[in-house]
Amino acid sequence: DTGVSQDPRHKITKRGQNVTFRCDPISEHNRLYWYRQTLGQGPEFLTYFQNEAQLEKSRLLSDRFSAERPKGSFSTLEIQRTEQGDSAMYLCASSSTTSGSYNEQFFGPGTRLTVL
Amino acid sequence: GNSVTQMEGPVTLSEEAFLTINCTYTATGYPSLFWYVQYPGEGLQLLLKATKADDKGSNKGFEATYRKETTSFHLEKGSVQVSDSAVYFCARSSSGYSTLTFGKGTMLLVSP
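Protein chains in written order, with the numbering used here: chain A, 1 to 116; chain B, 1 to 112.
Derived from the structure by calculation, the hints contain no laboratory data. Think of the CB as a built atom: it goes at the ideal place given N, C-alpha and C, for glycine as much as any other residue. Treat the hints loosely; a few may be bogus.
Selected chain A positions facing chain B (Cβ under 8 Å, derived; list incomplete) [as the list claims (entries may be wrong)]:
hint	residue
1	Leu-39
2	Gly-40
3	Gly-42
4	Pro-43
5	Phe-45
6	Asn-103
7	Glu-104
8	Gln-105
9	Gly-108
Estimated spans, in silico, between C-beta atoms of each pair [stated by the list, open to error]:
hint	chain 1	residue 1	chain 2	residue 2	range
10	A	Arg-9	B	Lys-56	41 to 47 Å
11	B	Ala-17	A	Gly-16	38 to 44 Å
12	A	Gly-16	B	Phe-18	47 to 53 Å
13	A	Glu-52	B	Thr-28	26 to 32 Å
14	B	Glu-69	A	Leu-116	36 to 42 Å
15	B	Tyr-39	A	Leu-116	24 to 30 Å
16	B	Ser-111	A	Ser-5	32 to 38 Å
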């Protein structure tokens with residue numbers, strides 16, 4: 001297993017455009033998380049899934065953000081009508097509730113979004 | 001709500017010096033505690049963890065002890081190396097062991 005992967009690694013877009021990011025978790029991990037990290041800050045939780053179900057959303061996740069995990073495997077995070085304040089690193093993590101380390105989250109390399 | 005506070009950096013040390021990075025957390029529930037490390041240009045990696053009071057997590061010469069009485073989880077290493085230069089994040093789990101709340105990170109710079 002190669003770990004959590006994210007695509008693209010970098011995205012530059014103009015304000016008002018829509019963007020979509022993809023995350024592929026570690027296989028067999030049933031939980032998938034999205035975080036956002038801005039410069040000089042720690043990651044902030046956005047949302048998480050257990051299998052296909054979106055179980056929790058942060059108040060940071062405005063109506064312009066939507067996340068899906070339709071088959072319980074990969075996930076997408078879409079940002080509509082991007083704003084300059086959306087510029088950040090978007091991190092994906094996964095974990096397994098069935099392993100002994102059920103609360104240990106493994107992170108991907110992130111997608112760096114720049115909104116011009 | 002849940003929060004994590006860690007000392008501000010950068011922490012600048014010479015090789016073989018002793019390292020301490022302080023971390024305190026809000027005492028709601030019975031969280032698990034973590035230290036993650038982010039090397040330049042790389043993603044977050046779990047360094048060590050502790051799941052209950054008095055547990056000691058350790059890895060690669062780093063240690064941290066879960067202190068419930070002081071709500072602390074300080075990271076220590078007896079002799080740092082240049083290769084330890086990175087940003088270190090302290091984190092706590094939510095009460096439901098689902099999400100993580102991170103501190104702001106502490107940059108460590110080790111010079112030869």
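Here is how each hint holds up against the structure:
1. The criterion of a C-beta within 8 Å of any C-beta in chain B is not met by A:Leu-39, whose closest approach is roughly 10 Å, and the hint is violated.
2. Given the 8 Å rule on beta carbons, the hint for A:Gly-40 holds: about 7 Å separates it from the nearest Cβ of chain B.
3. A least Cβ separation of about 3 Å between A:Gly-42 and chain B falls short of the 8 Å threshold, and the interface hint therefore holds.
4. Below 8 Å, beta-carbon pairs count as interface contacts, and A:Pro-43 has one with chain B at about 5 Å; its hint therefore holds.
5. Because the smallest distance between the Cβ of A:Phe-45 and any Cβ of chain B comes to about 4 Å, under 8 Å, the interface hint for this residue holds.
6. Checking A:Asn-103 against chain B: minimum C-beta separation of about 4 Å stays under 8 Å; hint holds.
7. For A:Glu-104, the suggested interface contact is upheld, since its CB lies about 6 Å from the closest CB of chain B, less than 8 Å.
8. At its closest, the beta carbon of A:Gln-105 sits 6 Å from a beta carbon of chain B; the interface hint therefore holds under the 8 Å criterion.
9. Given hint, A:Gly-108 at the interface with chain B, holds; its Cβ is 6 Å from that chain's nearest Cβ, closer than 8 Å.
10. Between A:Arg-9 and B:Lys-56 the C-beta distance comes to about 36 Å, which lies outside the given range of 41 to 47 Å.
11. Separation of B:Ala-17 from A:Gly-16 is about 50 Å and departs from the stated range, judged on CB atoms against 38 to 44 Å.
12. A hinted range of 47 to 53 Å for the beta carbons of A:Gly-16 and B:Phe-18 is consistent with their spacing of about 51 Å.
13. A C-beta distance of roughly 30 Å is found between A:Glu-52 and B:Thr-28, which places it inside the suggested range of 26 to 32 Å.
14. With their beta carbons about 50 Å apart, B:Glu-69 and A:Leu-116 fall outside the hinted range of 36 to 42 Å.
15. Separation of B:Tyr-39 from A:Leu-116 is about 29 Å and conforms to the stated range, judged on CB atoms against 24 to 30 Å.
16. Range check, B:Ser-111 to A:Ser-5: about 34 Å between beta-carbon atoms, so the 32 to 38 Å window is met.
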